[in-house]
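Asker: Please build the complete structure, drawing on both the sequences and the hints.
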Amino acid sequence: MARNRHHPHALRGGEPRRTEPRRTEAPRTESRRTERDRARRAYGQNFLADPGAVARVVRAARPGPGDLLVEVGAGKGALTEALAPHCRELISYEIDRHLIPGLRERLARHPRVRVMHRDFLTAAPPREPFALVGNVPYARTAEIVAWALRAVPRLTSATLLTQAEYARKRTGDYGRWSLLTVRSWPEVEWRLCGLVDRTAFRPVPAVDGGILRLTRRPQSLLTDPVARSAYADLVELGFTGVGGSLHASLRRVCPARAVDRACRAAGLGREVVVAYVTPEQWLVLAQELTAVVAGKRSAASKELMVRVKSRVDNSNL
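Residues 1 to 317 (full-length UniProt numbering) are what the sequence shown spells out, left to right.
Some clues are possibly wrong.
Stated by the list, open to error - Here are the computed lysine to aspartate or glutamate pairs in the DMTMM-like style, where the Cα-Cα straight-line distance is at most 25 Å:
#1 LYS76 / GLU271
#2 LYS76 / ASP96
#3 LYS76 / ASP50
#4 LYS76 / ASP208
#5 LYS169 / GLU271
#6 LYS76 / GLU105
#7 LYS169 / GLU143
#8 LYS76 / GLU143
#9 LYS169 / ASP197
#10 LYS169 / GLU280
What the hints assert, rightly or not - Beta-carbon label-pair distances, calculated as ranges:
#11 GLN219 / GLY175: 25 to 31 Å
#12 GLY267 / PRO101: 31 to 37 Å
#13 PRO153 / HIS117: 25 to 31 Å
#14 ALA142 / ARG198: 17 to 23 Å
#15 ARG112 / ASP260: 53 to 59 Å
#16 ASP197 / VAL226: 28 to 34 Å
#17 TYR276 / ALA256: 17 to 23 Å
The hints are simulated quantities; they were obtained by calculation from the structure and are not laboratory data.
Where a beta carbon is used, it is the ideal one built from N, C-alpha and C, also for glycine.
Answerer: Laid out in structure tokens, this is it:
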């Protein structure tokens with residue numbers, strides 16, 4: 001048998017070489033993150049898509065016709081559009097440039113709304129009283145809450161849809177209280193206004209949301225400057241102590257008998273752990289120990305308080 005000299009894939013044995021069909025690479029659209037995907041992950045975007053959940057946030061915010069509202073993270077505008085008819089003016093911040101055109105188009109018929117393409121955290125609070133509202137990125141919740149607390153007293157309230165765990169911890173829903181909540185309690189009330197199922201968001205996050213409301217009190221629960229200072233010192237002492245016992249922590253500055261008396265007045269045992277002391281009990285402790293703390297302004301006490309405050313500033317309690 002003659003060799004097939006003309007077959008382009010002939011072998012020496014005369015049989016044509018078997019060739020695989022040329023493989024064409026499939027588009028990698030599934031493996032590549034689009035610019036929008038990257039933005040969603042970078043900004044922690046889980047948009048509120050359920051009308052019922054939107055309505056619950058609006059009810060919790062309780063906007064009035066004369067109110068100035070500031071919204072953090074307008075997203076696609078579902079909450080913005082629901083808030084717009086209920087206030088005098090609404091300033092909505094959105095950092096993602098991809099969302100701005102659609103947001104402005106959606107809100108064009110609402111003259112009370114101003115859409116700001118900017119990172120909310122870089123904005124200064126309004127010069128007049130205002131309320132803060134928003135479905136916040138879970139990863140930036142602590143920064144946003146800190147911004148809100150710094151804005152007191154111009155801030156009248158903050159209604160924030162946060163991770164459920166965060167909202168529950170900050171409001172004592174587990175029976176435990178955080179330093180941030182207790183420290184700000186004389187000026188700000190913290191309240192959990194309900195939970196929002198994770199299926200109300202798009203894309204669906206891994207955890208549920210919680211509606212957290214901070215309300216500035218009309219008047220501080222501690223009107224006397226000396227009492228306010230003593231309260232702050234006691235709270236910081238309690239949360240930065242060693243061994244977990246509030247009684248032992250307070251004895252670093254206060255005499256044991258005074259601490260015993262104050263704990264009895266607040267209904268607290270000697271072994272109580274600081275996290276289980278309610279804000280109301282802290283107020284009783286402050287009332288009982290203000291004179292003691294105020295009289296302990298010696299150089300040693302001042303040095304101790306400086307160290308305590310340094311630990312607080314460097315902690316994430």
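Asker: Would you mind marking each hint as holding or not holding in the structure?
Answerer: Now the hints, each set against the structure:
Using a Cα cut-off of 25 Å, the hinted pair LYS76 and GLU271 is violated, with the two alpha carbons roughly 50 Å apart. Only pairs whose Cα atoms come within 25 Å are accepted, and LYS76 paired with ASP96 is accepted, the gap being roughly 10 Å. The suggested pairing of LYS76 with ASP50 holds, with an alpha-carbon distance near 13 Å, which does not exceed 25 Å. Among the hinted pairs, LYS76 with ASP208 is consistent with the structure: their alpha-carbon atoms are about 20 Å apart, no more than 25 Å.
The hinted pair formed by LYS169 and GLU271 meets the criterion: a straight-line CA distance of about 22 Å does not exceed 25 Å. Under the criterion of a C-alpha separation no larger than 25 Å, the hint pairing LYS76 with GLU105 is consistent with the structure, at around 10 Å. Restraint check: the Cα-Cα separation between LYS169 and GLU143 comes to about 16 Å, which is no more than 25 Å; the hinted pair holds. At most 25 Å may separate the alpha-carbon atoms for a hinted pair to count; LYS76 and GLU143 meet this at roughly 22 Å.
The hinted pair formed by LYS169 and ASP197 meets the criterion: a straight-line CA distance of about 17 Å does not exceed 25 Å. Under the criterion of a C-alpha separation no larger than 25 Å, the hint pairing LYS169 with GLU280 is consistent with the structure, at around 17 Å. In this structure, GLN219 and GLY175 meet the distance hint of 25 to 31 Å, their C-beta atoms being roughly 28 Å apart. The hinted window of 31 to 37 Å between GLY267 and PRO101 is violated, with their beta carbons roughly 58 Å apart.
A hinted range of 25 to 31 Å for the beta carbons of PRO153 and HIS117 is consistent with their spacing of about 29 Å. In this structure the supplied range 17 to 23 Å holds for ALA142 paired with ARG198, their Cβ-Cβ distance being about 20 Å. Evaluation of the 53 to 59 Å hint for ARG112 and ASP260 yields a pass: the beta carbon distance comes to about 57 Å. At about 47 Å, the beta-carbon gap between ASP197 and VAL226 misses the expected band of 28 to 34 Å.
For TYR276 paired with ALA256, a C-beta distance near 21 Å keeps the hint of 17 to 23 Å intact.
In summary, the numbered hints that this structure violates are 1, 12, 16.
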